[in-house]
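Trainee: Spelled out from the first residue to the last, the chains are:
Number of protein chains: 2
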Amino acid sequence: MSEITVKPIAFVRNEFQEAKGIIPREAISKIELIDSISIASFDGIDDFSHLEIIFYFHKASKVITGTAHPRNNTNIPKVGIYSHRSRNRPNHIGLTLVKLIKREGNTLTVSGLDALDGTPVLDIKPVVTRFLPQEKIKEPDWVKL
Amino acid sequence: MSEITVKPIAFVRNEFQEAKGIIPREAISKIELIDSISIASFDGIDDFSHLEIIFYFHKASKVITGTAHPRNNTNIPKVGIYSHRSRNRPNHIGLTLVKLIKREGNTLTVSGLDALDGTPVLDIKPVVTRFLPQEKIKEPDWVKL
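Protein sequence lines correspond, in order, to chains P and W. Sequential numbering from 1 applies to the first sequence in the numbering used here. Sequential numbering from 1001 applies to the second sequence in the numbering used here.
Just so you know, these hints were derived from the structure itself, not from any lab. Treat the hints with care, since some could be wrong.
[As the list claims (entries may be wrong)] Computed footprint of chain W on chain P; a stretch qualifies when at least three of its residues, placed anywhere within it, have a C-beta under 8 Å from a C-beta of chain W:
1) 12-24
2) 38-44
3) 61-70
4) 85-99
5) 116-123
[What the hints assert, rightly or not] Distance ranges between label pairs, derived from CB positions:
6) P/ASP47 / W/GLU1018: 42 to 52 Å
7) W/LYS1144 / P/LYS20: 42 to 52 Å
8) W/ASN1073 / P/SER61: 24 to 34 Å
[Said to hold, decoys possible] Not close to chain W: a few residues of chain P, all C-beta gaps over 10 Å, as computed:
9) LYS102
10) GLY105
11) THR109
Cβ atoms here follow ideal geometry from the backbone N, Cα and C, with glycine treated the same way.
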């Protein structure tokens, strides 16, 4: 299996057109299912407060393997591409945990999605407490910079 | 953008050959980077205790849109495919938060990965505390069944 083809199941709608700076955590986005996916696919989703959104960085053009400065911040030492969340990664896949504000028909309103307007969404999964870390989390100090 | 092509960046190695029953949470898996991806892509990863693994359900053949019983359990009411984590979803993308045990060269040893032997891995991201839910999580009672 050398190539895998996927298709957008939804698109992001928000006010962020360009990848300049950081999209604030409180930013509101809409996620609209495409017409060919049944609206019932969202049934029961508002019993969850949080969702994980898997999306495609459609404006990313570079691919880095090996190491890079996280967030292009040269104050942070270079680390491997799988030790940070840069969009310039093989496959250009993004993943963000968001807060669900409401569901209306084929549209979710969420906060905390750091994806640009027009971003293709590949999958949406509900956040379940028992699948989150059950132990203390270890992370390097630079993630707080 | 109607189709997106991605490629495996690594493969899962473990003792689970078939999708029968539930892979136990304490199961150990290895994740081996493919040769064309620099080993340095893992540099710094062992400063993190937990990772998110995005993978492809390569043995899933069905696609459900609309509603289904979570985990095929008819005691649970049907909900939309995006309200549970069934592999029979559009794009067949899986996502599991795992505990990193060790990194050796191009190989990670992890626990908690519910993916079969030979599963293609599409992406690996470090778990960062501040991107986890900061508020109380709401979830329906059936997730505990």
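Trainee: State for each hint whether it applies.
Mentor: Status of each hint after checking the structure:
1. 12-24: violated (count 0)
2. 38-44: holds (count 6)
3. 61-70: Since three or more residues must qualify, the claim that chain W covers the stretch 61-70 of chain P holds, with 3 doing so at under 8 Å.
4. 85-99: Our answer is that it holds, as 9 residues pass the Cβ test (under 8 Å) against chain W, meeting three.
5. 116-123: holds (count 3)
6. P/ASP47 / W/GLU1018: 42 to 52 Å: Once the Cβ atoms are compared, 32 Å apart, the range 42 to 52 Å for W/GLU1018 and P/ASP47 is violated.
7. W/LYS1144 / P/LYS20: 42 to 52 Å: holds, 43 Å
8. W/ASN1073 / P/SER61: 24 to 34 Å: Roughly 44 Å apart at Cβ, these two residues miss the hinted range, so it is violated.
9. LYS102: holds, 13 Å
10. GLY105: holds, 12 Å
11. THR109: The claim holds: P/THR109 sits with its nearest Cβ about 15 Å from chain W, beyond 10 Å.
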